[in-house]
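Chains as they are written, first to last, in the numbering used here: chain A, 1 to 143; chain B, 144 to 647; chain C, 648 to 759.
Just so you know, the hints here were simulated from the structure itself, not pulled from any lab data.
There's no promise every hint is true.
[To be verified] On the chain C side, residues computed to face chain B include the following (Cβ under 8 Å):
#: 1; residue: L678
#: 2; residue: F688
#: 3; residue: T723
#: 4; residue: L734
#: 5; residue: I754
#: 6; residue: T756
Here a beta-carbon is modelled for each residue, glycine too, at the ideal position from N, C-alpha and C.
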Amino acid sequence: MKGMTIIVKNVTALLSGLIFLYGCYIVLHGHLTPGGGFAGGIIIAGSFILLVIANGIQYFRLNKEKEESSLFEGAGIFCFLLLATGGLFLAVPVFFKNLLPGGTPGELLSAGIIPVYNIFIGIEVAAALLSIFLAFVIFKTED
Amino acid sequence: MDSLIPLFVIIPLGIAFLIPLTWRLIPGICRFLPSTGMLAMVVIAFFMLFYVGGEAITYKVGGWEPVDNIPIGIHLVADGLSLMMLVIVNIVGMMAGLFSIPYINKYTGENYYYSLFSLMVAGMNGVVMTGDLFNLFVFLEVSVIASYALVAFGSSKDELEASFKYQVLGGIASLLILFSLGMTYWYTGTLNIADVAKVIRTGSEGSTALFIQLFMVVGFGLKAAMIPFHAWLPDAHSSAPSPISAMLSGVLIKAIGVYAILRLFFTMFNITIEISYVITTIGVLSMVIGVLLAIGQWDMKRLLAYHSISQMGYVMTAAGIAMIIIAKGGDRQVAALALAGGLFHMFNHAAFKGLLFLNAGAVEYSTGTRNLKELGGMADLMPVTSFTSMGASLSISGIPPFNGFFSKLIIIIAAVQGRFYFIALLAVIVSIITLASFMKVQRYVFLDKARTPKLADAKEVPFLMCLPMIIMAILCLAMSLMLIPGIRDTFLLNAVNILLSVIY
Amino acid sequence: MITYLLCFILFLVGLYGVLTRKNLIKIIIGLSVMEYSLYLFLALIGYIDGGAAPIIDPSKPAGLVVDPLPQAFVLTAIVIGLATTALLLAIAIRLYKKYNTFDIDKINTLKG
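The following block holds chain A by itself, in its conformation from the complex:
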């Protein structure tokens, strides 16, 4: 897979950054709008997948990328678990306790700890989906 024409390459180079930003927006506004960690993470992964498809598999050193994304996946989900467990070790021994103050509904900094959860879910989903995609691609090229 050598990649596509120069037009596609240039357009995806421009677009993928915007798609990445849009994914970040969805993740950060997860507690206000439909979407959240999973949907945003999928979009973020999409921006990377688009680059790989357009530029061909020589563009990245895929094995290294896959290892990194697996590492990110593990780290993301582990941080999520730590956050959830955090409440257990603090004053109120409750699993998945909303530790932070609620704030006003409708503002970006509200809903307590839920936006933080969303960020970690976003990292984890993006890394996981990218790992799945790269695993398929690497497996195809191993012939």
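Using the hints, position chains B and C against chain A.
Leaving out everything else, chains B and C in the frame of chain A:
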């Protein structure tokens, strides 16, 4: 005390995600992490078992208190039954984890193995603990997805094919379960098990409940590999790496299949005569056909897999008998006895079937084959394996003083007292055929002269593989003690009373 | 009512695919179709005619909203479905490497 409950999910999940992160730095410690974590959970579960007694502790995740007596948020429940299941899941898991350390060395990607293994245990713990239907589905999927990957772990032809078959049938089962949960939500407007029970019991007798129950029987029956739905089990359980076979046969089909059926049907629905007959029929069919299919097998692990179906049939039959007696308004004592026999047999089966699969793994590890016709004379070469497998075989065939004898005896006594003479007779006959089948295993693998010359240099397996087998063999004997009054109350009767308390 | 019936038909289409097709990939597609029909069914359970999206908006008065619980249900089920489908595809590709075919009639080493 309450805050110990979520630890059963946190510990294995934490280990599962910690291993890929730290494997590069400290692989030696990471190998021992799953078994250490499970040891800790066994200790906590025992502690809670004595502390909780006959009550049920409900833990509200996230601290969401009920509003107007309507529970919101996810509840985790620890009572006699779920704690007993946790003990057995984590003991078998710990042994399989220790056994894996030498066994899994030959595969690549060890870190993923331990990670998936912990994830599977986390899922099972969650299924056992949860008090919320959708949460049950999520944990069930966590454990079965991990088990799909673990079955295919060797990635040879057999393993991939078995895993694919397992995944397609398991996927259909998950969909049926999801559908039945959706119907439950539609019908009752809630997903909390205690709340659903309240709505269903106060509501009118509807055919909707029967419809939901039938889907649940098929869905969880597929997961538990009861007889009309058993096609995937022999392939998956015989192809997986041996410690995983021990986990799948020993605890997975119980935790996500039989336990879920018992818990949901006894605590959630009105027990009707129709569904009782369905469960009894499935149980008897599994018991009889499973053992008949096992007779002709020459692959050691495949034979054990068919016996799993048969032994799970005993549990389902006992539960079905109890349900029929309850539905007909019969003697409570007999129903409790049948249920106690079924649960006791479920716990016992985890011990001896786990041990038998570990034995099969040890034989395969030393000789490279599990075909009965190629083996022989292992008794002199592998004394520990031979001795422990003798104990497990006697236990599964129901020879006193091993635990299998007592649980089968209780089931048969309950069947006779409930006037199910035919079922009692079948249970005895199946037990005899099981004995014959395991005499074949003992003779062909351990007692005869070696059939192929290459077996001569087979050695006893490493210490880390022997230790779990010895502990499990001791467990096979020690679990008979659960019948002594005093011990019986804590371990067995609490669990039975939990199931029956809602009804009476 | 007709929508529930259509969901059921979609479910049966998927089941038909799983049961009759011989190609591994087509079996996976059949499973996915079954899954999606169930997601539709679950989303329909929570639907209320004329209900708004269940988001708290302080500027508007709280009106009729659809039931958010089945939606959370569906979202979680979609995530699980992603994992199962990815795993199934990975196994299918590996099987293809071993046998050079997707035909399940030729992939039959396990019997009995």
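Hints versus structure:
1. The restraint placing L678 of chain C at the interface with chain B holds, with a minimum CB-CB distance near 5 Å, inside the 8 Å limit.
2. Taking 8 Å as the C-beta cut-off, the interface hint given for F688 of chain C holds, the closest approach to chain B being about 6 Å.
3. The restraint placing T723 of chain C at the interface with chain B holds, with a minimum CB-CB distance near 6 Å, inside the 8 Å limit.
4. A distance limit of 8 Å between C-beta atoms decides the matter here; for L734 of chain C the minimum to chain B is near 6 Å, and the interface restraint holds.
5. Against a cut-off of 8 Å between C-beta atoms, the interface hint on I754 of chain C holds, since the closest Cβ of chain B lies about 6 Å away.
6. A distance limit of 8 Å between C-beta atoms decides the matter here; for T756 of chain C the minimum to chain B is near 5 Å, and the interface restraint holds.
Hint check: no violations occur; every hint is consistent with the structure.
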